[in-house]
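Trainee: Protein chains in written order, with my numbering: chain Y, 57 to 366; chain H, 57 to 366.
In short, the hints are calculated from the structure, not lab data. Don't take every hint at face value.
Because identical chains share one entry, a pair is satisfied inside a single copy or across any pair of copies.
Claimed, not checked - Straight-line alpha carbon distances no greater than 25 Å define the calculated DSS-like cross-link-like pairs of lysine-lysine that follow:
| id | residue 1 | residue 2 |
| --- | --- | --- |
| 1 | Lys332 | Lys321 |
| 2 | Lys343 | Lys230 |
| 3 | Lys230 | Lys157 |
| 4 | Lys321 | Lys79 |
| 5 | Lys332 | Lys230 |
| 6 | Lys59 | Lys79 |
| 7 | Lys157 | Lys72 |
2 protein chains.
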Amino acid sequence: MKKYCFGIDIGGTTIKCGLFDVKGTVLEKWEIPTRTEHNGSSILPDVAAAIGDKIREKDLDREEIAGVGIGVPGPVNEEGEVPTAVNLHWGYVNLVDQMQKLTGLEVKAGNDANVAALGEMWKGGGAGYHNVVLVTLGTGVGGGIINNGQIVIGSHGAGGEIGHIHVTDTLTHKCNCGNCGCLEQVASATGITFLANRRLAADNAPSMLRGGEISAKTVFDAVKADDDVAKEIAEEFGKYLGLALANIAGVTDPDIFVIGGGVSKAGPVLLEYIEKYYREYAFLSCKDTAFALAELGNDAGIYGAAKLLL
Amino acid sequence: MKKYCFGIDIGGTTIKCGLFDVKGTVLEKWEIPTRTEHNGSSILPDVAAAIGDKIREKDLDREEIAGVGIGVPGPVNEEGEVPTAVNLHWGYVNLVDQMQKLTGLEVKAGNDANVAALGEMWKGGGAGYHNVVLVTLGTGVGGGIINNGQIVIGSHGAGGEIGHIHVTDTLTHKCNCGNCGCLEQVASATGITFLANRRLAADNAPSMLRGGEISAKTVFDAVKADDDVAKEIAEEFGKYLGLALANIAGVTDPDIFVIGGGVSKAGPVLLEYIEKYYREYAFLSCKDTAFALAELGNDAGIYGAAKLLL
Numbered sequence: 057m058k059k060y061c062f063g064i065d066i067g068g069t070t071i072k073c074g075l076f077d078v079k080g081t082v083l084e085k086w087e088i089p090t091r092t093e094h095n096g097s098s099i100l101p102d103v104a105a106a107i108g109d110k111i112r113e114k115d116l117d118r119e120e121i122a123g124v125g126i127g128v129p130g131p132v133n134e135e136g137e138v139p140t141a142v143n144l145h146w147g148y149v150n151l152v153d154q155m156q157k158l159t160g161l162e163v164k165a166g167n168d169a170n171v172a173a174l175g176e177m178w179k180g181g182g183a184g185y186h187n188v189v190l191v192t193l194g195t196g197v198g199g200g201i202i203n204n205g206q207i208v209i210g211s212h213g214a215g216g217e218i219g220h221i222h223v224t225d226t227l228t229h230k231c232n233c234g235n236c237g238c239l240e241q242v243a244s245a246t247g248i249t250f251l252a253n254r255r256l257a258a259d260n261a262p263s264m265l266r267g268g269e270i271s272a273k274t275v276f277d278a279v280k281a282d283d284d285v286a287k288e289i290a291e292e293f294g295k296y297l298g299l300a301l302a303n304i305a306g307v308t309d310p311d312i313f314v315i316g317g318g319v320s321k322a323g324p325v326l327l328e329y330i331e332k333y334y335r336e337y338a339f340l341s342c343k344d345t346a347f348a349l350a351e352l353g354n355d356a357g358i359y360g361a362a363k364l365l366l
Numbered sequence: 057m058k059k060y061c062f063g064i065d066i067g068g069t070t071i072k073c074g075l076f077d078v079k080g081t082v083l084e085k086w087e088i089p090t091r092t093e094h095n096g097s098s099i100l101p102d103v104a105a106a107i108g109d110k111i112r113e114k115d116l117d118r119e120e121i122a123g124v125g126i127g128v129p130g131p132v133n134e135e136g137e138v139p140t141a142v143n144l145h146w147g148y149v150n151l152v153d154q155m156q157k158l159t160g161l162e163v164k165a166g167n168d169a170n171v172a173a174l175g176e177m178w179k180g181g182g183a184g185y186h187n188v189v190l191v192t193l194g195t196g197v198g199g200g201i202i203n204n205g206q207i208v209i210g211s212h213g214a215g216g217e218i219g220h221i222h223v224t225d226t227l228t229h230k231c232n233c234g235n236c237g238c239l240e241q242v243a244s245a246t247g248i249t250f251l252a253n254r255r256l257a258a259d260n261a262p263s264m265l266r267g268g269e270i271s272a273k274t275v276f277d278a279v280k281a282d283d284d285v286a287k288e289i290a291e292e293f294g295k296y297l298g299l300a301l302a303n304i305a306g307v308t309d310p311d312i313f314v315i316g317g318g319v320s321k322a323g324p325v326l327l328e329y330i331e332k333y334y335r336e337y338a339f340l341s342c343k344d345t346a347f348a349l350a351e352l353g354n355d356a357g358i359y360g361a362a363k364l365l366l
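Go ahead and model the full structure; you've got the sequences and the hints to work with.
Mentor: As C-alpha cells, then:
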C-alpha cells in the first residue's frame, strides 16, 4: 500500500520540496537552489538526489512511495514533455521520462500555475470543490483551471493563461505578451500601480497615496484607511478583474474562484471589489459562484504536485 | 459485443432520433413531435416508445445496444437530472433514471449545445481533435466546450454559455439574460441585424442593403458582392466574436473553434472576419488555433448524443 508521495515545485531560483502522506499531510518541507547553468542540466539530477537523500534519511520503503509530482514554470504536455522553460534555461526536456529514470519512481508533471490550482483545490481555498479557478495576482496575473478535478491543459499548454484575456481598449502601452489591454496590465501588482499612477495624475484630488511609494500594498492600505482616490483605483481594478472572471464563468462555470498571489495579502477587502463587478457581469446562472482567498501561499505548488499522483 | 447506439436530440418542437453503429455511421434517422402539454410529461415515454418500435422494426438484439444518449435544451447535472427546461415545459426531471426505467437500456444525457459540440468533435468540423469549442450562431449564440474529449459541464451546467460573455460597453439595450453588452447581442443572427441597422442609420453611405430586408444572410450576401458598408458590419461582428474566442482560448486553449448555426451558412467568408480579429487578440501561444465550419448541421445533436455512450 502506498503511504507517501513527493511534491516538487521547480522555480527559477529555488526548488521547493515536500514529503506528504497520501492523505495530504506535509511531513517534511525543504528547499534546494535551482542551478540554471549549462541549460539547467543539473536541475533534474539535483531533484532526484534530494529525493534519494530524503528516502535514505527517513528510511522509507520505496514500495510505499506513490511517486513524484513536479510543477515547472512552463508548458507541460500530456506526455510529460516540456517544450521550453525560459526561467530554467531549458529547451526541450522529456521531464517525466528523465525523472522516472533518475528516481525509479512514478512521475507526473504539470505547469506550476495549474499545479498550484490543484493544490488549492485539494487543501486550500478551494477545498471541497471540483471545479476551481485559481487566479494568481503577482507581478503578473496567472491562473489555473480545474474542471471536474482535472487540470485544463489545453492544446498549447495555455489553459488558464488568463492574464492575457483582453479587458480594455483604453491602454496604449503594450503587455509583455505583445498585445494591448490584457488583464495582467491592470490587475497584477504592476497593473494596480499603473492604475494608481494614472488616477493620481488625472487631477489633484487629495489622497494619502500622494508623495509616497505607490504599490498594490499601499493602494489597498489606503483603501482600508477610507481614502477616496484609493477606493476609485480599487473600483477600476475590481471592474476589470470582475469582468474577466465573469467571462471565464461563461466558459467553464467554476464552483469557486480562489484568489492568490502577493496582491491577495490585501485580504477580504480585495474580494469585495472583485465580487461586486463579477456579480454585475456574470451570466444569470453563475452569479452566485463562490470566492475565497488562497490559503496555501507558496506551498500550493508542492501540494498540487503531490496531488498529481494521488 | 455492442453494435448499436441511439442518439436522441430533444428540441422544443421536434425530437430527432438516430440509430448508429458503434463506429458512428448513422443507420436510420427519424423525427417525432415534441408534446409539451401537461408539463411535457409525454416526452420521455414518446422517446422510449420510438426506441422500442425501432428495436422491434429492425429486430435488434437488446444485448447489442450500447444504450441511449439524449440531448436536452437545458442544464443536465452529473447525476443526469434536469433542474428545469423551459422549452420542454419541464420542471425538475430525473431524466437518466426515468429513461433507464422506460427503456431498460443504459442512458446518458447532456445539454443540447454541449452534446452538439461532442458530435462535431466526433464526426464533424472538429473531427480528429480532442479540445474543441463549438460556437453556434443562430437566433442566439450558444456554445459547447470539449476539453480532452469530455464536455465541460461546470458548476451550474453553464459551461459553454459563451453567448453571455461581455464584449462591449457600447450597447444601451439589454440582452435577454438581463445584462448589457453580451456576445449574443452582436454576433447572433439578431445581433448582426442590430449592427447592420445601427451602421446604416449612422450616415447615408451607399449600400445594397438599403431599402431591403436586413438579416445576417443579406449582410453576408452583400459582403460577397463587395459592398463596403456590409464589409464594415462584418468587421464589427468579427471584432466582437474574435475577441470573445481569443478570451476563451486564454481559458481552455482549444485545438479548434468550430463555427455552426444558421449564420455559418454564409460560409468561409465568415471565418475570415472572425479569424482576423481572433489572431489579433489571442495570446501568443494560441494565435495558430484552427478554425472550421460545422459540418453536421441539425444532426450534430444526435451524433453527440450517441457519442455520450461510446
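Trainee: Between copies, within a copy, both or neither: which fits Lys332 and Lys321 at Cα up to 25 Å?
Mentor: within (19 Å within a copy, 40 Å between copies)
Trainee: Check Lys321 against Lys79 for me: Cα-Cα at most 25 Å, and say if that holds within a copy, between copies, both or neither.
Mentor: neither (28 Å within a copy, 54 Å between copies)
Trainee: Is it within, between, both, or neither for Lys230 and Lys157, if the alpha carbons may be no more than 25 Å apart?
Mentor: Result: close neither inside a copy nor across copies, 43 Å intra and 59 Å inter.
Trainee: Between Lys59 and Lys79, at a C-alpha cutoff of 25 Å, which is it: within one copy, between copies, both, or neither?
Mentor: within (9 Å within a copy, 43 Å between copies)
Trainee: Please work out whether the CA atoms of Lys332 and Lys230 approach to 25 Å or closer within one copy, between two copies, in both situations, or in neither?
Mentor: between (28 Å within a copy, 19 Å between copies)
Trainee: When no copy is specified for Lys157 and Lys72, does a C-alpha distance of 25 Å or less occur within a copy, between copies, both, or neither?
Mentor: within (21 Å within a copy, 53 Å between copies)
Trainee: Between Lys343 and Lys230, at a C-alpha cutoff of 25 Å, which is it: within one copy, between copies, both, or neither?
Mentor: Close across copies (17 Å), not inside one copy (32 Å); limit 25 Å.
Checked against the numbered hints listed earlier, the structure breaks hints 3 and 4; every other hint is satisfied.
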